[in-house]
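Participant: Here are the chains, one letter per residue:
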Amino acid sequence: MTMQTYVGTRTIRPDGVDKVTGRARFGADFNLPGQLIGRVLRSPHPHARILSIDTSKAEALPGVKAVVTRDDFGDQPSEFIPAGEMMMNYRDVVRNVMAREKALYEGHAVAAVAATSAAVARRALKLIDVKYEVLPHVIDVVDAMRPDAPLLHEDLYTAGVEPKPEKPSNVAKRVEITLGDIEAGFGKADLIIEREFRTAAVHQGYIEPHAALATVSEDGSTELWTTTQGHFIVRAHCARLLGLDIGRIRVTATEIGGGFGGKTVVYLEPLAIALSRKARRPVKMVMTREEVFKASGPTSGATVRVKLGATKDGKFVAGFAELKYQAGAFPGSPVQPGVMCAFAPYDIEHVNVIGFDVVSNRPKVAAYRAPGAPISEYAVESVVDEIAKKLDIDPIDLRMQNAAREGTKAAYGPKFGPIGLEETLNAIKKTEHWNAPLRKWQGRGVASGFWFNIGGETCASLTVNEDGTVSLMAGTPDIGGLRASLAMVAADELGIPYDKVRPIIGDTGSLGFNFLTGGSRSTFSGSMAIVEAAKQIKTELCARAAKLWELKPDQVEFADGQVKPLGAAADKVKAMSIADFAKVAGKTGGPIGGTGRINAQGAGPSFGTHLVDLEVDPETGRTTILRYTVAQDAGRAIHPAYVEGQFQGGAVQGIGWALNEEYVYGADGKLQNAGFLDYRMPVASDVPMIDTILVEVANPKHPYGVRGVGETPIVPPLGAIANAMEGATGIRFTELPMSPPKVLKALKERGLNGRVAP
Amino acid sequence: MAKHHIEAVVNGDAVEFLCETEETLLDVLRDTLHLTGSKEGCASGDCGACSVTLDGRLVCSCLVLGCEAGGRRIETIEGMAKGEALHPLQQRFLEHAALQCGICTPGFLVAAKALLERTPDPTETEVRYWLAGNLCRCTGYDKIVSAVMDTAVAMRKG
Chain F
1 MTMQTYVGTR TIRPDGVDKV TGRARFGADF NLPGQLIGRV LRSPHPHARI LSIDTSKAEA
61 LPGVKAVVTR DDFGDQPSEF IPAGEMMMNY RDVVRNVMAR EKALYEGHAV AAVAATSAAV
121 ARRALKLIDV KYEVLPHVID VVDAMRPDAP LLHEDLYTAG VEPKPEKPSN VAKRVEITLG
181 DIEAGFGKAD LIIEREFRTA AVHQGYIEPH AALATVSEDG STELWTTTQG HFIVRAHCAR
241 LLGLDIGRIR VTATEIGGGF GGKTVVYLEP LAIALSRKAR RPVKMVMTRE EVFKASGPTS
301 GATVRVKLGA TKDGKFVAGF AELKYQAGAF PGSPVQPGVM CAFAPYDIEH VNVIGFDVVS
361 NRPKVAAYRA PGAPISEYAV ESVVDEIAKK LDIDPIDLRM QNAAREGTKA AYGPKFGPIG
421 LEETLNAIKK TEHWNAPLRK WQGRGVASGF WFNIGGETCA SLTVNEDGTV SLMAGTPDIG
481 GLRASLAMVA ADELGIPYDK VRPIIGDTGS LGFNFLTGGS RSTFSGSMAI VEAAKQIKTE
541 LCARAAKLWE LKPDQVEFAD GQVKPLGAAA DKVKAMSIAD FAKVAGKTGG PIGGTGRINA
601 QGAGPSFGTH LVDLEVDPET GRTTILRYTV AQDAGRAIHP AYVEGQFQGG AVQGIGWALN
661 EEYVYGADGK LQNAGFLDYR MPVASDVPMI DTILVEVANP KHPYGVRGVG ETPIVPPLGA
721 IANAMEGATG IRFTELPMSP PKVLKALKER GLNGRVAP
Chain V
1 MAKHHIEAVV NGDAVEFLCE TEETLLDVLR DTLHLTGSKE GCASGDCGAC SVTLDGRLVC
61 SCLVLGCEAG GRRIETIEGM AKGEALHPLQ QRFLEHAALQ CGICTPGFLV AAKALLERTP
121 DPTETEVRYW LAGNLCRCTG YDKIVSAVMD TAVAMRKG
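Protein chains in written order, with our numbering: chain F, 1 to 758; chain V, 1 to 158.
Please note that a few of the clues may not be correct.
What the hints assert, rightly or not - In silico negatives: residues of chain F with every beta carbon more than 12 Å from chain V:
| id | residue |
| --- | --- |
| 1 | D72 |
| 2 | E218 |
| 3 | G512 |
| 4 | T595 |
| 5 | D617 |
| 6 | F733 |
Unchecked claim - FRET-style restraints, in silico, Cβ to Cβ:
| id | chain 1 | residue 1 | chain 2 | residue 2 | range |
| --- | --- | --- | --- | --- | --- |
| 7 | V | T32 | F | Q672 | 32 to 38 Å |
| 8 | V | G83 | F | N599 | 46 to 52 Å |
| 9 | F | G751 | V | A132 | 29 to 35 Å |
Hints listed in this document are in silico derivations from the structure and should not be mistaken for laboratory results. Note that this is a predicted model, so its numbers are computed, not measured. Ideal Cβ placement from N, Cα and C applies to all residues, glycine included.
Could you put the whole structure together from the sequences, leaning on the hints where they help?
Facilitator: Right, here's the structure in full:
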């Protein structure tokens with residue numbers, strides 16, 4: 001009998017019914033008896049020294065139960081700690097959570113209040129008297145690098161340059177990677193294209209604002225419910241910032257309404273705990289959308305210079321890039337991964353990429369889906385397209401000719417194992433889309449993209465219940481189908497029906513440490529931990545069966561969901577299912593379960609290639625996406641529909657980044673579009689169906705061949721759309737977003753605008 | 001000022017509540033009536049996560065005052081399934097994987113139901129423009145639009 005298997009099928013997600021009925025509880029849906037409402041006072045200035053904060057009037061307002069300021073948080077030493085794909089420094093984290101010496105961006109938290117109602121809390125904020133000395137500000141990354149730029153941090157000396165600079169500056173760090181000899185490489189080139197690109201800061205745009213509910217008891221025991229990509233990380237940060245033992249804090253990750261990297265850091269959580277500790281009552285805090293835009297992390301805007309050399313036959317021989325990324329108010333832009341990814345899709349002998357991490361008076365950036373990669377790869381993919389045009393080589397063929405493949409040494413270090421870039425290029429070339437006709441003002445663009453993906457610390461458990469059903473617990477928040485994927489793997493491993501596995505996300509008291517959901521790691525690492533947990537169960541059941549049947553361990557095996565006697569013993573005793581064993585668990589040694597505790601290694605990089613058709617309206621400069629196809633290597637798609645969903649969602653976020661989204665600042669250093677009306681993300685009528693092609697080049701380091709898939713889809717769209725714009729207009733746009741005013745201006749400068757002839 | 005005493009019908013049940021003048025219908029639904037299925041994504045009518053119907057008309061409940069609900073009939077996501085039976089839209093959202101994080105899902109379902117009640121046979125363009133008031137950042141809309149189109153076909157067949 002062949003058991004039904006689930007991996008690779010389109011199951012109904014186990015958390016689905018709660019999400020279509022409104023029952024699922026997200027961050028702002030939790031409440032506790034006696035809770036207070038917390039609100040944050042934020043700096044109206046982009047850059048100001050905080051001379052004094054007087055909270056006495058606010059504290060005297062009836063209904064106000066606690067006020068916290070910088071004085072409620074101890075200072076932290078400067079120390080860089082790896083935080084997934086980014087680095088962090090607690091000295092900066094404590095200052096971002098609550099301004100100390102200076103307010104460094106409009107919206108920077110300066111004080112917080114807990115009161116009996118939101119209305120009282122809002123009134124209390126107006127009674128807090130903050131004296132500021134307003135300082136000159138700087139918003140743009142290039143301006144911030146000038147020697148005479150307003151200085152954000154008087155003690156910031158550029159790291160990564162020898163000797164150490166004599167003066168502090170806004171350049172936090174210089175990074176560089178080198179492969180081969182870049183000058184010699186350009187010497188071999190018949191064609192060199194050099195261009196400078198600019199991209200705007202964009203926000204992750206999750207629909208659910210940050211929210212946290214904290215309750216601290218008299219003995220310091222702390223409970224926190226928060227919408228986060230990593231509740232174990234939140235626990236660690238809060239313990240550190242508030243001087244608490246990690247074991248005293250229990251964090252429950254609520255359902256999370258989108259994160260895309262933006263919910264990997266703390267904003268409200270330490271404030272809610274500090275307020276609750278002072279007020280001795282639960283405190284609930286929820287950001288407004290304006291606060292989300294002004295005070296939570298967008299990703300960097302950047303200036304990128306790319307120089308690419310090729311022989312006349314189209315072989316890339318040398319690639320140089322210089323990246324200047326906005327970090328926001330504190331060091332820590334994703335320039336390092338930007339540097340590493342820039343030329344990663346290509347096999348180039350000579351590569352040199354230099355990156356600068358630059359602070360300015362903007363909110364501190366947070367991770368955003370493949371952090372850093374879309375920016376640098378957009379610039380490179382634009383230049384690759386220009387080379388294809390100049391050499392009159394098909395852009396897919398040119399990419400194919402230079403594609404990284406198994407054995408290629410990447411400029412950032414390793415030799416690639418089996419990877420699927422060529423497969424995605426081939427898949428795109430075979431589509432009907434690639435050869436479909438285009439009309440005037442329409443263009444077609446193609447671009448490829450790369451992201452590393454990560455593994456990391458993961459703990460997940462399986463418990464066999466008394467009736468043979470299985471409880472699955474994972475410790476990484478489920479944003480887009482993790483519970484479904486892990487339940488499918490558990491069902492296949494244990495040979496039981498999918499609907500007999502019930503997955504939940506455990507709180508920080510229920511499992512060992514889990515790194516956060518990010519780096520496209522949760523399905524990759526979680527399924528490895530579940531395979532390990534299932535193995536423990538199978539081993540345990542075989543041992544118990546051998547004892548029960550008085551057989552040697554090698555006379556028993558687990559197969560097809562059953563423990564079976566082998567050889568001659570097969571005639572004497574009857575195989576037992578997991579459910580059979582569940583009934584006798586007590587008599588055979590107690591509860592049955594397994595826990596995978598791993599530091600997952602062997603994450604496989606994922607490559608993708610996107611193909612887009614668009615049409616530019618020469619009268620308005622508006623661009624309409626007509627058709628879109630994504631091909632990406634998933635390694636193995638556990639749940640194909642949710643993998644497609646990652647491809648489609650990433651593509652549409654990329655469309656927004658390319659065409660419309662940007663942080664717009666006034667000369668006063670204030671954000672002018674802190675709302676969804678003016679920060680315009682794509683809506684349903686802006687986009688077509690997003691066709692998907694699942695390429696599966698198995699990752700040999702994963703038991704099912706899985707690669708992370710969540711981040712790569714946002715990498716190619718920027719380049720693909722810029723390339724299609726060139727096709728439609730003949731203009732090489734080098735600045736994102738390619739919004740209607742910019743496109744119209746470019747058309748006008750070339751005399752191309754005007755009403756389309758009927 | 002004293003709170004207003006309001007009577008209304010929510011998901012078929014008569015309700016009464018007290019609300020401040022400035023409280024929105026969304027505040028009342030979530031904080032007073034504990035119907036947290038309607039979500040606040042923006043509080044400015046741009047994201048549609050708080051979509052409900054008011055006497056059959058699709059509205060953003062963040063743009064309606066609680067006081068304005070007096071004597072009106074309000075339908076929220078919590079009223080969409082009938083007993084154990086999911087609404088066909090809910091069922092197809094699950095089958096089509098038309099949700100990822102799920103925060104926008106209640107708003108999309110309420111909006112899509114309102115569409116199909118008016119336009120049982122919508123084109124893809126009609127679906128896309130009707131749902132243009134609902135933001136989804138995860139799915140790229142593809143599977144949402146497919147689920148709505150597929151539901152329309154199934155509901156027409158009865």
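Participant: Would you mind marking each hint as holding or not holding in the structure?
Facilitator: Going through the hints against the structure:
1. Listed as a non-interface residue, F/D72 keeps its Cβ farther than 12 Å from every Cβ of chain V; the least gap is roughly 28 Å.
2. The beta carbon of F/E218 sits about 28 Å from the closest Cβ of chain V, which is more than 12 Å, so the claim that it is off the interface holds.
3. Distance to chain V confirms F/G512 as a non-interface residue, since its nearest Cβ pair spans about 25 Å, more than 12 Å.
4. Its beta-carbon lying about 27 Å from the closest one in chain V, F/T595 satisfies the requirement of being farther than 12 Å from that chain.
5. Annotated as non-interface, F/D617 keeps its C-beta farther than 12 Å from every C-beta of chain V; the closest such distance is 17 Å.
6. With a least CB separation of 23 Å from chain V, F/F733 remains clear of the 12 Å interface cut-off, as annotated.
7. Taking 32 to 38 Å as the suggested C-beta distance range, the pair V/T32 and F/Q672 conforms, at roughly 35 Å.
8. Checked against the given bound of 46 to 52 Å, the beta carbons of V/G83 and F/N599, roughly 47 Å apart, stay inside it.
9. Checking the proposed 29 to 35 Å range against F/G751 and V/A132 shows it holds: the Cβ atoms sit about 34 Å from each other.
In summary, this structure violates none of the numbered hints.
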